[in-house]
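Residue numbers (the numbering used here), protein chains in the order written: chain A, 1 to 292; chain B, 1001 to 1751.
Hints listed in this document are in silico derivations from the structure and should not be mistaken for laboratory results. Note that the coordinates shown come from a computational prediction; the quantities given were computed from them, not determined experimentally. Just so you know, not all the hints are guaranteed correct.
Each computed DSBU-like pair below joins lysine-lysine, with the alpha-carbon atoms no more than 30 Å apart [said to hold, decoys possible]:
#, chain 1, residue 1, chain 2, residue 2
1, B, Lys1623, A, Lys98
2, B, Lys1094, B, Lys1105
3, A, Lys79, A, Lys170
4, A, Lys22, B, Lys1129
5, B, Lys1160, B, Lys1094
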Amino acid sequence: MRDFAYITANTVSEAVTLLDEKGQSARILAGGTDLIVQVREARRDVDWMIDIKSIPEVNVLDYNADTGLTLGAAVECYKIYAVDEICDAYPGLVDATKIIGGTAIQGRAAVGGNLCNASPAADCIPPLIVLNASCVIAGPNGARELPVEQFCTGPGQTAFDNGEMLVSLKIPAPANNSSSFYLRFIPRNEMDIAVVGAGASVTLDDAKQTIVSARIALGAVAPTPLFAEEASALLAGREVSDAAIDEAAQAAQSIARPISDMRGTAEQRTHLVGVLTRRALNGAIQRIRDAA
Amino acid sequence: MTENKEYKVVGTRPIRHDGVDKVTGRALYGADFQIAGLLHGRVLRSPHAHARILSIDTSRAEALPGVKGVVTAQDLPSAEDRIADLGEGAVNLKHLCDNILASDKVLYTGHAVAAVAATSPHIAEEACKLIDVEYEVLSPVLEVRQAMEPDAPLLHETLKTTSMGETADEPSNVASHIQHTLGDPEKGFAEADIIIERDFVTGTVHQGYIEPHNATAHFNQDGHLTIWCSTQGAFTVREQVAEILQYPISKIKVVPMEIGGGFGGKISVYIKPVAALLAKKTGKPVKVLMNRTDVFEGTGPTPASYIRVKMGATKAGKITAAEAYLAFEGGAYPGSPVGPGAMCIFAPYSIENVIIDGYDVVVNKPKTAPYRAPGAPNAAFGSETVIDELAEKLGIDPLEFRLINGAKEGDRRADGPVHPRIGFIETVETAKAHPHYTAPNGKKHHGRGIASGYWFNIGLESSVTINVNADGTINLIEGSTDIGGTRASIAMQAAEVLGIPAESVNPSVVDTNSVGYTAVTGGSRTTYATGYAAYEAAQDVKRKMIERAAKLWEVDVSNVQFEDGLFSSINGKEEQISFRDLCGQLSQTGGPVVGSGTVNPGGAGGAYATHVVDLMVDEETGKVEILRYTAVQDAGKAIHPSYVEGQIQGGAVQGIGWALNEEYIYNAEGTMTNASFLDYRMPTCLDLPMIDAVIVEVPNPGHPYGVRGVGEVPIVPPMAAIANAIYDAIGIRMTELPMSPDRLLKAMGKI
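The following block holds chain B by itself, in its conformation from the complex:
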């Protein structure tokens, strides 16, 4: 089903099922969780960015009244250099364990070293001060290019660079090198009439979710472990905790509480295994909460990067070749998103000759975690700025330049895959015709910029169970935590199949014992894949209900038709019954009806976005004011347009923050000096205009309703769009993020 057509539920805007609880404060988050006998845990964190742990003495902490237990890395099962497969890719188990509680070295300020459980959070905090840790302080490496120098201090004595299947002999901070090539770049550059090459630097930025990490763990007497927590995926928590504690998954139950934002940052576990260790040691339930400083210093941000982009084009505006060098910080352990960055960097364009090199490099900062289209925003800041410069130098309108070069169905991405039906050109055409783009823009120090972006989206496993109720409603059981309105968007897909209103679906996000395996809410996959599973489960219900109608009317199932919520008998008998009325007859026709759907779909459709921004530069202070912002995006099919718009607006706003002010600021010792929302400057509502979200619908052939993931791609274009608008305003190309007032003053020669 690839044609856009009229639906009854899909494409409408019902009130979300979880909305009332959330706006009235009734929704239960991890920090709200209470249980009898609860102890409170607190983690002691490293004050040094790079140091060897010589000794840890916990005896003074253990002696403090109220303290019930102290744990260190000694309490973790010994982790050799073993590779664990956690669904999200292979992970070195020692690295995984060391990031939970450091064993031999601390690799960033905020690295967890020990943890205390006590009868109150205040006692736990005081007890942390009584843990004596002896460190041998080492020189930190805080920047990717420095870390790549041959004489840079090494974080891991055993880490050796892997490059295209080969492992180097000598240890290095470069964990891996990847390369993608297409065509003949040398020939392509020789054919160019103009070549632009620029260097770019981006800062370390955090997802900035409102709710800090939290976890409460409890061991039953028979060894069953339950963890109540905030997470993007209860099953990934189960897998990670099982690996780290070397404990069977069948003995771990993870209960996802409501989640106050994640953006990729709540996939990796931090304090969940620590809470479990403390619960095991004390025999009591233990709750561990992070504060904001813990979140900034002790959880994964998305990395700083150094990027070089070179592109050539003919006078007619055809790109002949592109080259990129991407060096991304992995943080303390390997695992930067340089891979996805390399996959996405030139994906909006059809380019015959491409070479892309990517490097994953460790530095003394927290291990990076996914953040909304991980890797792609860094990469697009480079490529989309160079595209803008090419268009400008060639005297071609930047949107026209994209129409000349835009990727279409059948074009090959430099990393291999051939595009199925995609909607990039449609986003450009829509932006070009939008009143924002056609409005005049000529005031002094005002500028307009545009940029595009790509994110591939993922599929992965999802399971849904539907229980049919006697009153014509259904209970929809799912395993995808709802971060951005997915209870609604998933319920609506089941409702569409069954011909019932969205309000007749009662969706529940349940624990890992109560639903089939479901991968994380991430990769823009949930409305696509879990929605697909809901569609399949609803089809299963439909089949079973048809059997019941057939039984009721004593006809063959082939003689029962279901349309618009009405079962009817065809060929002979004139019988009709509504879905609701048939639900009331289940007991008489064979008992309850339960439908299930499980998927692991391979047809996730790539998403494209094109953004237009107007801004004003205060040339005396270097401050940028965003005046107007339009974000056009191909959603495939917007199941619930309001939540698609919400995702587009949220992504654009996070991109604006990344562009203008957000960054980890470090002192010379390698400690972050702005680890609070006061000084880590995310935009507030007073810094933003209304973000005009424009949905384009080019259905994804890989989904029954044509859904494409929408959550991530809107953060890809803003940085370059804003840099291009700043150039338009003051004639200066900014190549370093954030483009903060002091950097603008410097670029303008005022300081």
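One chain only, chain A, in its complex shape:
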């Protein structure tokens, strides 16, 4: 493992100044569950690791039934699923936080870090997309917000400009009669990276029969996680039925652009997009109907 310098930043502006100054040779360190491994395996050259865990804003975990969730960039997975209200409001996100690594990793790894690592197979990104999450980004020129579906630009690539960092994620409060679901396919039951991931959020009418709106997102089937916009749109106003869900699943399949690699073949992934989209939509609908 090569040498690097470690710096603790105590404020957002301090971190941004450092990032701006050091450029590509610097990297933000939160849980480190991706970064440390990448440096150890010589997959990433880093001269400066800027630890942000002492910055108050990146540790915020605040849920309000009217305004939604503010999730600091460095908040570890285990803190999220420890809050019952968050589990009730955003079950799709909680699904992801519970399958990222094992218990020990969940004690270090942050949802924000999972997003900034920008893996096409990241488990947190499809649920963030379907939950309409946005990124609060700080940079040398001030703060800006960006929808999560626009954040990843390629494998490991993000929309950050030089000196920018993620401060927090904002997720709107869930609508009535809504829920979300995330699942992935892995050949084992643990210790795998998603061959395909699919997230869905669904809002039903009061009778819980008709879909008011839905959002579908896919992981590991393109250079970035995908928001399946058309597949989502064609569900709006439809009665819940196998036919409607199959149609959405087919539309989702049509946007998948998977590769074949050691984790799965392109044909297998395209097929699984259909299976997982159906399961994610049905899972979200079931959660709405199961809710009192």
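Position chain B against the provided structure of chain A, taking the given hints into account.
Only chain B this time, still in chain A's reference frame:
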């Protein structure tokens, strides 16, 4: 002694002697070893699967501050094409040396090319990047059938096929061809009412031991070399290092540290001679550790194979003939386990007409190493699937079909040996009566499969010394590294002889200067052969203790009897003394008592296993979930039943991994793309049900307590058992391993 009888210690479940140290983190492994002045070594490995080395320039690495020495194949004594006998069979010395550090060609991605010793592991790693190697990249051959094609790129320009004593004229990737015949196969197939013939393909799989290879080497000023390392056999390390370095065995001491798994993969040496070369060059102790990628790319897996099996049977279910074609990848150098595969493939059955052809073929992958019953699992995947199909087509219950055809004492194996008393039929009968097999199995996409397996087991040399302590305990000195609880199973056999509890035995695994020659922990031999040596050493102690009692009571030794831990005088004097009390009298009766036992036994008993598995197939994703697993096995006599069960469970689990997901995945350039535990998918505890291990005891007449080796055979049946269960679930015969979700989706026509 062939009858099963009651013992006091044998067959009980005492706590293993090494258990507390291991569960509390006190046991010392090779990576824990520290010594003053220690340097750290790192190996530079080939990025190409097949290339000629044009030049190696180490000058930039040597100039890096902190670097103390760099070695390449130039530092090895020159190795001609010479055959070295290393106990585990003859090995071409050039091949052996070239696999340690490549001299003229690299033959697989991960092939060691050079090594650096530096003051820190990080400097050594950086220095490796500064070694300039110029390669002429060649086309790789990555699959056994391609490698056998006449126009395939050649790995070794001098390798020529040997076939039944004849050597071919032209070079080839086929190193050897073997054949076994019995009876008249043509006639046998003519007598069959049904003939099934199928092709099978299996992937390259790794043992996946948790602890990576490690070695620390140190040369004393007088030229004595000491190596501390993780190994399955300190003496085989001594022999291999002596051969490779052309150094006398008497100047090499190998100290076996605790071992974190081996499964056959820690018999061959890789970094041990490299650490020794670096230690020699720098004059300092040097530690070399592998990481997981090094282990996958640079050490021996068990090979991929292509197998064709043809079997014929009468309507009544009697097998009339069997034919097998086995082509195994040896990896970069000859030495695949096709031989044992050919010995085992039809061994569970009594078949009069058999022909088996085996081919050992080199490809651009790491040189294969033993892995738990090497060769037999590949072979059994083919034969046991065909057996299942025969039984199904004939409408005969698969266990009943095995009872009709099962091998018994006196039957001849196709490769020659006649079976002594064996327990195959007993494993089948036990499986048939087991509640698992009699439980209903009818749900949609649920399936049940069964398969059997055979492994012959080996004997080889073992030595044990027993030092008697004044407090009635004994120190048992042995040379077998303890991978699966053998300190306990060996100590218990000595304890049984001496009538003392297992806890009164203090077993130590020691270095090569401190115990008699002992072959590797492998071939399921340790509880059998080293246990046998412990039995003999304890008999020696018993004889000597009887002499002491006789001396004490001033009677003839023939008047002293030893039973239940008590010496007593017969014929006249009424004297009694316990083993413990007599131990306290040694100084007065002639001094210390030391017993020794050495063996090279020829009576290793073959082991059989029959497995039953229930599983569920997700027809939308192709994922298989193992629901219930029962493994029945003949252990001869289970010395410590818990560790026999542990071996059975471990073997079954490794077989489940091999069946479902494990394989080396290569890109077109011949580099493994899944060289990590993240992407090389071994089963985790969440992927497995409790494995129900059922021990059957048909004593082996070749051992005082009837022990048979137990460690290897449980990995033989799982692949076929699972394939047969998948057929039961979805009606499709899977013939390629692993039966991963994508292959199942393809077979079901979903993609």
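Here's how the hints hold up against the structure:
1. A C-alpha spacing of about 21 Å is found between B/Lys1623 and A/Lys98, which places the hinted pair at or below 30 Å, so the restraint holds.
2. Only pairs whose Cα atoms come within 30 Å are accepted, and B/Lys1094 paired with B/Lys1105 is accepted, the gap being roughly 12 Å.
3. The suggested pairing of A/Lys79 with A/Lys170 holds, with an alpha-carbon distance near 16 Å, which does not exceed 30 Å.
4. A hinted pair counts as satisfied when its Cα atoms are at most 30 Å apart, and A/Lys22 with B/Lys1129 qualifies at roughly 25 Å.
5. Proximity of B/Lys1160 to B/Lys1094 is assessed by CA-CA distance (about 15 Å); at most 30 Å being required, the pair is judged to hold.
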